[in-house]
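From first to last, the protein sequence lines are chains A and B. Just so you know, this note's numbering puts 17 at position 17 of the first sequence, and the rest follows in order with no gaps. Just so you know, this note's numbering puts 595 at position 337 of the second sequence, and the rest follows in order with no gaps.
Worth flagging that the hints you see were computed from the coordinates, not collected in a lab. Ideal Cβ placement from N, Cα and C applies to all residues, glycine included. Any given hint could turn out to be false.
Just so you have them, the derived chain B footprint on chain A, three or more residues with Cβ under 8 Å [stated by the list, open to error]: (1) 82–93; (2) 96–104.
So these bits of chain B aren't anywhere near chain A, every CB distance computed over 12 Å [unchecked claim]: (3) 394; (4) 461; (5) 519; (6) 536; (7) 576; (8) 611; (9) 613.
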Amino acid sequence: MTRDPHPRHPALEDALGTVRARHGHRALLSAAHLPAARPWSTGLPLDRLSAVGGLPRGRLSLLRGAPGSGKLSLALSLVARATRGLGRVAVLDPRCRFDPALGWLVADPEALTVVQVPPPAAGGAAVTLVRAGVGLLLVLEPPPARALAAIGPAAARSGSLVLATAGPEGAEALAHASSLTFALERVRWLWERGQVVGLRTLVECVKNRLGPAGRCAVLEIRYVSDRSPSGGLPIRELPRSEAPGLGRGPCRGWSAAG
Amino acid sequence: MVVVAGERVLAVSEEAERVGLEPGLTLRQAEALCPTATVAGSDPAATARLADEIAAALLELAPAVEVRADGRIWMDLEGVTGVGRALGEARDRLHRLTGALPRLGLAPGPFTAAVAAARARPGRVLVVADARAFLAPLPVRELGLDPEREGRLELLGLRTLGAVAALGPHRLETQLGPVGRTAALLARGEEPLPLRPWRPPAGIEVRRRLDPPVEDAERLGFVARALVDDLVTALGRRGAGARRLQVRLGIEDGAPEVREGAVDPLWGRGELLALVVEWLRDWRPAGAVNELGIEVTEPGPPGRRQLGLWRDEASIEEVDAALERLRARHGPRAGLRLRPGLPNSPLPLRRYRLEPR
Chain A
1 MTRDPHPRHP
11 ALEDALGTVR
21 ARHGHRALLS
31 AAHLPAARPW
41 STGLPLDRLS
51 AVGGLPRGRL
61 SLLRGAPGSG
71 KLSLALSLVA
81 RATRGLGRVA
91 VLDPRCRFDP
101 ALGWLVADPE
111 ALTVVQVPPP
121 AAGGAAVTLV
131 RAGVGLLLVL
141 EPPPARALAA
151 IGPAAARSGS
161 LVLATAGPEG
171 AEALAHASSL
181 TFALERVRWL
191 WERGQVVGLR
201 TLVECVKNRL
211 GPAGRCAVLE
221 IRYVSDRSPS
231 GGLPIRELPR
241 SEAPGLGRGP
251 CRGWSAAG
Chain B
259 MVVVAGERVL
269 AVSEEAERVG
279 LEPGLTLRQA
289 EALCPTATVA
299 GSDPAATARL
309 ADEIAAALLE
319 LAPAVEVRAD
329 GRIWMDLEGV
339 TGVGRALGEA
349 RDRLHRLTGA
359 LPRLGLAPGP
369 FTAAVAAARA
379 RPGRVLVVAD
389 ARAFLAPLPV
399 RELGLDPERE
409 GRLELLGLRT
419 LGAVAALGPH
429 RLETQLGPVG
439 RTAALLARGE
449 EPLPLRPWRP
459 PAGIEVRRRL
469 DPPVEDAERL
479 GFVARALVDD
489 LVTALGRRGA
499 GARRLQVRLG
509 IEDGAPEVRE
519 GAVDPLWGRG
529 ELLALVVEWL
539 RDWRPAGAVN
549 ELGIEVTEPG
559 PPGRRQLGLW
569 RDEASIEEVD
579 AALERLRARH
589 GPRAGLRLRP
599 GLPNSPLPLR
609 RYRLEPR
């Protein structure tokens, strides 16, 4: 006698039926039919670090690091590039931190909207935009956990790409909700003629629900007046030969160019 | 089965029709013909709902549709290309909506088409090219006159539509009055009676009773989801958007509470649901809610619906609508765009500025 590999439990079937009746047939999805991740190729080294070829749509990605680690520069470069390929892009800026001088970075200014709502309303605004299917939403302030609980499913349905920045400490809810987390650590500033012209930062994928975590790379971000052709600051990955002595920390999968 | 309204038979099933029952008979006559027939009272509300559904479904195939409670439906196919395809699609839609295969008639006018349809087999079309020739041999009973006028035609020796047509409208009017004139024109295949086209109801409403009454906003949101799905289906059937939306809460032991607002034409489920849930979240009803109703009091053009064919454009429009809602709630700074300032300024801060969209 062979055992049924999927024995039916009447009480469980009743419960599943109730969920379907109340929330629709899409409320329950077999693991075998979960949609595959649809990455957005950023054109930056993050594509390789993510192990899926880009930032995943329908998910939350997080850039985490201390002030001055380059997370905001990297985030704004991603936003600038997204204006070309992802339709409407929005920056949720409840504390009015967005610098309009960065306008020159943006490939398509018409596609970018800056949303400055009062901080208590930021979570709701984020949910509204994600439900509407915004291509990319950059959240400059961690939203409350209650809003995160709604942003995740909304993004999964609409396919919106949500990008957030956070400091190294705190924002546990954001870290928990993210599908992809990059930790940034500034290696050093770049100086030319007494001026800071950029920085080098170690970027490590510390959390990845879509593939293996642990890959890292050193990026060089330059603050120049000419933006990259795709939008954003010029960002390059340093080959290993140009980063001697680096690799401190638990960087298990060194991903080097060259 | 027979459906009666008052003492008259309104409609009969196919089985009842085979034993001689037909609309127009009195209830006593029907019972005499078929004592075992099931008699059901008419449900005007359900009939009207079904009629609206049928008309809305067929309005996509023809510019004018008339639906009557006795089960007869007319579609004006004048100018429609692909008449055969339209008829086939109409047959399929009627079958889906009613569960029965319709009989179809295609003729130059409504009266002839109705007579032809009555003679067609279920699911088939009877096409009439020459209305007068088709109608000529048929009995005068087809005109649907009252028994007294029918008797007078009998006395005049007019037993077929051909005979009525030959007499002419003027002479028949002297016998039967204006009704006679109309009858003669109908018998000739000249259609003096135009269709009375169905007009979609001004508003679209969905509502649900909640038993037991609900006090929790989250549970109301769940119910709202299902209602919004029905509303979106109804809007889609009409190819309309919502210009003005009304949400109504029935309060246990209290007066209903209503909230209404003008919105940029919305048609998408996500937009409508987001708006309704936002209202429900801020609502503080005076008591437990025993009914939730959502009504589009002012339908509008679909606008963005056609753009749904291209996903990216549809997303952009939906995002723009979401930004408009945020601006309406939080002010113009809820949606700022980059604008060139002083492009040659040595100060980068001056080169671009943020301004409301």
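Okay, the hints, checked on the actual structure:
1. 82–93: holds (count 3)
2. 96–104: Contact hint for the segment 96–104 of chain A vs chain B: holds, 7 residues under 8 Å.
3. 394: holds (57 Å)
4. 461: The assertion about residue 461/B holds, with a minimum of 26 Å to chain A.
5. 519: holds (16 Å)
6. 536: violated (8 Å)
7. 576: For residue 576/B, whose nearest Cβ neighbour in chain A is about 4 Å away, the distance does not exceed 12 Å, so it is violated.
8. 611: violated (5 Å)
9. 613: violated (9 Å)
Checked against the numbered hints above, the structure violates hints 6, 7, 8, 9; every other hint is satisfied.
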